[in-house]
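Asks: Spelled out from the first residue to the last, the chains are:
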Amino acid sequence: MTLFLQDLGYLDGPYLEDPYLLSTVRGSLGFQSQGVITRQSPKGWQSTAVITKSNAKGMQALGVMTKPDPKGMQVLGVITDDRPKGWQSTAVITRSHPIGYQSLGIMTKPHATGWQVEGIITKSKAKGFQSLGVITRDRSIGWQSEGIITRPHPKGFQVISIRQKPKGWQATSVLYNVTQLRVLYNFQSRGLTGLNWNASSTYPTGHFGANNLNTDIVEELWRGASGVKSVNLDCDTQIPQGVFLDTFALLNHNLTTSATVILLGSNNPYHSPVGVQIPLLVTAENLFYIAPELPIKGWRYWRIAIDDPTQPGSYLQAGTCVFGPSEIFVRCFTQDVAFRKMNYKDSVVTEGFSSVANDRGIKKSLRLNFRNMQYLKTDYRKLSRIFDSVRTIQKALWIPTPQFATRFAVFAKLKDLPEESHNVISEQGDYISLVLEMDESI
Amino acid sequence: MSSRNRKPWETASVINQSLLDFCQDNLSIQLDLVVEIDAPDGNVIYASNRNKYKGDYFYEARVIFPTISRTLGQWLSPELEFSTLTIELNNADGRFNHYLPAGADYAGWIGREIRVSLGLADNASSYIEIYRGTITDIGGFTRSTYSITFVSRDQFDKINVNFPNTALTSTVFPDIEDSYAGKIVPIIYGDWTTELDAEAVVPAFPVNGGKAEVQAGTEPLWLMISENALADFITSQVYLYRGSLMIQFNAADIFDVTVDKRMFKIRQGLCTPPGITEVEPPVGGDPAVLFKYEQGDQIFVQVKGKDLSGLSDNIVAQSRDILKSHGGLVDGDFHSNWDTYQSKATPSQSAIASIKSRVWIQEPKPVLQYVLSMLEQVRLEAFIDRTLKLKINSMQFEDWQPLPSYIVHNWDVVRGTFKPNLPQQNVFNRAQAVFSFIPSKGEEGRQTSLYRNSAAILQSGKEISKKIIFPNLYIKSQVVDQLVETLRLASAFTEFISTEITWRGLLLDLGDFVALDVNIGSTVFEKVPAMIREIGYNPEGLRLPLTLWCFQMCPFPGWVPGYSGIVGGYSAIISEET
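Residue numbers (my numbering), protein chains in the order written: chain L, 1 to 442; chain V, 1001 to 1578.
Honestly, the hints are just simulated from the structure, not real lab data.
Any given hint might turn out to be false.
Claimed, not checked - Simulated crosslink set (DSS-like; lysine-lysine; CA at most 27 Å straight-line): (1) V:LYS1007 <-> L:LYS363; (2) L:LYS341 <-> V:LYS1007; (3) V:LYS1467 <-> V:LYS1356; (4) V:LYS1356 <-> V:LYS1441; (5) V:LYS1007 <-> L:LYS364; (6) V:LYS1324 <-> V:LYS1365; (7) L:LYS377 <-> L:LYS345; (8) L:LYS415 <-> L:LYS364; (9) V:LYS1466 <-> V:LYS1356; (10) V:LYS1441 <-> V:LYS1292; (11) L:LYS345 <-> V:LYS1007; (12) L:LYS413 <-> L:LYS382.
Said to hold, decoys possible - Covered stretches of chain V (chain L as the covering partner; in silico rule of three or more C-beta atoms under 8 Å from a C-beta of chain L): (13) 1052 to 1062; (14) 1147 to 1156; (15) 1405 to 1411; (16) 1539 to 1546.
What the hints assert, rightly or not - Going by beta-carbon spacing under 8 Å, a handful of chain L positions derived as facing chain V: (17) THR205; (18) GLY209; (19) ILE217; (20) GLU219; (21) GLU220; (22) ASP346; (23) THR350; (24) GLU351; (25) VAL356; (26) ASN358; (27) ASP359; (28) LYS363.
Note that CB positions come from ideal geometry on N, CA and C, so glycine has one too.
Isolated chain L, as found in the complex (with noise of 0.2 Å):
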């Protein structure tokens, strides 16, 4: 039998361009589709089926796959609803590689409309259709998905949309990844009032105080008492939902490598109960912390516990810490990194063939060169909202690798607005690219 499947994807139709997100099968539930198959071998979900029943709802299948390698749908499925509508799955995937669509789904709802999927992907260098959703909607209506994509190059559906009350098929996904260039410059650290951190223990005297970790001067510092190697910092983000914390840096520090910090989050002052502790890596000067996935639960408190008993000096200090959700970019930079390291010096020379100089400091400089990228598309659009905001007037902390953040990292300011060289072969085909510099020391 030869099978023609239209290659339309997941829709015949223009996808979430329809304001409404009409489905192109109107007054319908759950998931039909009509296709051939008119490949050999065909990728993704190949499904041939005539829906004749004028009420028909949803799709069954209960099938075992016994091929190896096979492509297209598996379906093994066991349902335990009565009166299912749309489309319920409950398949167990075997197979490494497999390609096309692949669900592993628990249906937890009595009625579900339209399909839903609780899925968990545990295979590789999957293609087609992959979905690690959670459905927290009791009434779901259509396909939803709450998806985290942590795959390089996912290829095959990737949806962005956020509707409140979507019918029809909708989908939602958040990019979150570790491997692109992020920027944190909204420092929901600092509160409202900026007088919103407390230290267990300050130096008595002199301008030491907690607060001053919420200025862009690293050199002003919050010091610890003579003698006290543990320490709490406590800071209220005074935001009622919480900070979603994916990026954080401690600046300036004086802490040892053996030093323990960990980070605790609450929404209670007293961080009691504690609602996410992580343990932090310290190293030298900069510390960095980034999130391996995207957080989907805010805290209002956070503290920093410090426990660095090995300390040589007499106390714990640190310059400046910044905290909150950055943003995170879709696409690299391009591969060349321009890192440089600048010592500020007064510099005199002599009649002896020398020079002498009053030193004054190390101050770190990154050029980023970005090419090609999209107007409107993501990572442009958030390029542009951070010009707007920081300017050439703010610092802001700039990892362009967050994998090895310390490398790289910078709290600076940009040196310009870069000049932007378009390619504009259309209103949509508008291609960017520009270099961006920033410097610690201006």
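Assemble the complex: chain L is given as a structure, and chain V must be docked to it using the hints.
Replies: For chain V alone, kept in the frame of chain L given last:
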């Protein structure tokens, strides 16, 4: 020599020469400048040219420091040059708007103190104050759209007020004659009973000469001598100057001398009891004319000025007392070397303890300027040292350092800055002194012979003469000593060298000696002693601009270079012209 610790400043707690040498060996240091400005609300503005801590306090990067300079001024030109600091504070973000006019905490800036210090990184104990001043009343505070500018002058500027300034007024003395009303009451130090050109030279001023009874001779004449208390008033040496004659009053007619000896009365011939002083002897059958005050009469007295507890004639003691009494200084403002020079007894030409000085000043002059002129007469200078105390620098040969410990090498000198030049002033080989100011004449009453350095005259081919005034000295031999020593220095070939050195010289001060050991172009100096006349702090690289007085051709005790052509210096032969 440096150890393997190549950044000793990171752990040092004080700046000393050893640390500076150590850092120079490693060609690097970390020195920071900070400024503290007293704000109108009692708080302090902490600022620097970088964001940093000094001890417990955070200094924001809001200023660019100018070069801060101090100077000894010109030799034989008694001018104390005050340091002026102009500093601009960044206010682009409006941070200090509350201190500006219409701001919540505005209360004026004049007189607020500014302090600049320099030290190692954030180590507060290492910081040295290099400037302290107050915001001036004229142009001391201005603002722009993004900054506030302060102009301040050295704290010692406040003592440079005029003195004396007490006047005879009709309010205090309602019977004073118009010709004496408004006259400034003099200040008197030293011995005015000896070495006088006349019987008495110190005037006393009538304060009730306008009273009819005094003019009628029936009431005593009341007179004032000085503003300050006097150690002694010789009642037997009071004279009337009338018609070019000096007529001595009978001591019995001098009465009602005040306890402080500033005021006294003269009994006139018609008083009760009558005065007995005869202004004209009896002639023929005519009786003697007894004293009756007439307008135009001048009274002169012999006195000893303010009592300085055994140091009443000491020029250094007198100078210090004038600064304290009229300049507002206190003992803590003086460097300890004032005591040293006050009691200096050898060699004889520089034995300040023996040199007699006296002061009579009526015309108002700036306090500090007058004191400097006094010290100059015994070859001393006063300046504000690095510890912000008033210190004496000696121009006496025997006080100079022939082997200074600080050696300036090529690698201490900033490239392109070493510039020798010849002095334009105070080069002379023949001189005469005019000395002993006489109040009754209003000028110096005595002079010495001309003295000459014949070898210098022969070398230069011409006589270059100068008259030097010593108004406060009155013993001729002592004046001649000072004249000869001054001529020995002035007739020597000396050079001024302007240069910039590295921060290794941070602890040097005015008056210090350095040994020049440089070979720059055609200029070769082999450990030649030189005196620092000017010193500054240039924040760019922490360079120190210097003006050095180089004594390559001017021998002094311990420095006998033996170059040919030396004609001046401490061993130069000075002869009296006859």
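Asks: Determine for every hint whether it applies to the structure shown.
Replies: Structure-based check of each hint:
1. Between LYS1007 (chain V) and LYS363 (chain L) the CA atoms are separated by roughly 19 Å; this keeps the pair inside 27 Å, and the hint holds.
2. Between LYS341 (chain L) and LYS1007 (chain V) the CA atoms are separated by roughly 20 Å; this keeps the pair inside 27 Å, and the hint holds.
3. For the hint pairing LYS1467 (chain V) with LYS1356 (chain V), the CA-to-CA distance comes to about 21 Å; that is within 27 Å, so the pair holds.
4. Restraint check for LYS1356 (chain V) and LYS1441 (chain V): the C-alpha separation of about 20 Å stays at or below 27 Å, so the hint holds.
5. Straight-line distance between C-alpha atoms of LYS1007 (chain V) and LYS364 (chain L) comes to about 22 Å, which keeps the hinted pair within the 27 Å bound.
6. Between the alpha carbons of LYS1324 (chain V) and LYS1365 (chain V) the distance comes to roughly 15 Å, so the proposed pair stays at or under 27 Å and holds.
7. Proposed proximity of LYS377 (chain L) and LYS345 (chain L) is contradicted: the alpha carbons are some 43 Å apart, above 27 Å.
8. Of the pairs offered as hints, the one joining LYS415 (chain L) and LYS364 (chain L) holds, with about 12 Å between alpha carbons and a cut-off of 27 Å not exceeded.
9. Between LYS1466 (chain V) and LYS1356 (chain V) the alpha-carbon distance is near 23 Å, which keeps this suggested pair within the 27 Å criterion.
10. Straight-line distance between C-alpha atoms of LYS1441 (chain V) and LYS1292 (chain V) comes to about 24 Å, which keeps the hinted pair within the 27 Å bound.
11. For the hint pairing LYS345 (chain L) with LYS1007 (chain V), the CA-to-CA distance comes to about 15 Å; that is within 27 Å, so the pair holds.
12. Pair hint LYS413 (chain L) plus LYS382 (chain L) holds up; C-alpha atoms about 16 Å apart against a cutoff of 27 Å.
13. Taking a C-beta to C-beta cut-off of 8 Å, the stretch 1052 to 1062 of chain V contributes 7 residues in contact with chain L, enough for the three needed, and the coverage statement holds.
14. Note: the stretch 1147 to 1156 of chain V has 0 residues with beta-carbon separation from chain L under 8 Å; the three-residue rule is not met and the coverage is violated.
15. For the stretch 1405 to 1411 of chain V, the stated coverage by chain L is satisfied: 3 residues place a CB nearer than 8 Å to a CB of that chain, which reaches the threshold of 3.
16. Coverage of the stretch 1539 to 1546 of chain V by chain L holds [criterion: at least 3 residues with CB-CB distance below 8 Å; count 5].
17. Interface hint status for THR205 (chain L): upheld, as the beta-carbon distance to the closest one in chain V is roughly 5 Å, under 8 Å.
18. Because the closest C-beta pair between GLY209 (chain L) and chain V is about 10 Å apart, greater than 8 Å, the hint is violated.
19. Because the smallest distance between the Cβ of ILE217 (chain L) and any Cβ of chain V comes to about 5 Å, under 8 Å, the interface hint for this residue holds.
20. A least Cβ separation of about 4 Å between GLU219 (chain L) and chain V falls short of the 8 Å threshold, and the interface hint therefore holds.
21. Given hint, GLU220 (chain L) at the interface with chain V, holds; its Cβ is 5 Å from that chain's nearest Cβ, closer than 8 Å.
22. For ASP346 (chain L), the suggested interface contact is upheld, since its CB lies about 4 Å from the closest CB of chain V, less than 8 Å.
23. With 8 Å as the threshold, the beta carbon of THR350 (chain L) comes within range of chain V, its nearest partner Cβ sitting at about 5 Å, so the hint holds.
24. Contact between GLU351 (chain L) and chain V, as hinted, is supported at the beta carbon level, the nearest pair being about 4 Å apart and thus within 8 Å.
25. Among the interface hints, the one on VAL356 (chain L) holds; its C-beta lies about 5 Å from the nearest C-beta in chain V, closer than the 8 Å criterion.
26. Hint status for ASN358 (chain L): holds, given a least beta-carbon distance of 5 Å to chain V, under 8 Å.
27. This hint holds: ASP359 (chain L) has a C-beta 5 Å from the nearest C-beta of chain V, less than the 8 Å allowed.
28. At a threshold of 8 Å, the smallest CB-CB gap from LYS363 (chain L) to chain V is about 11 Å, leaving the interface hint violated.
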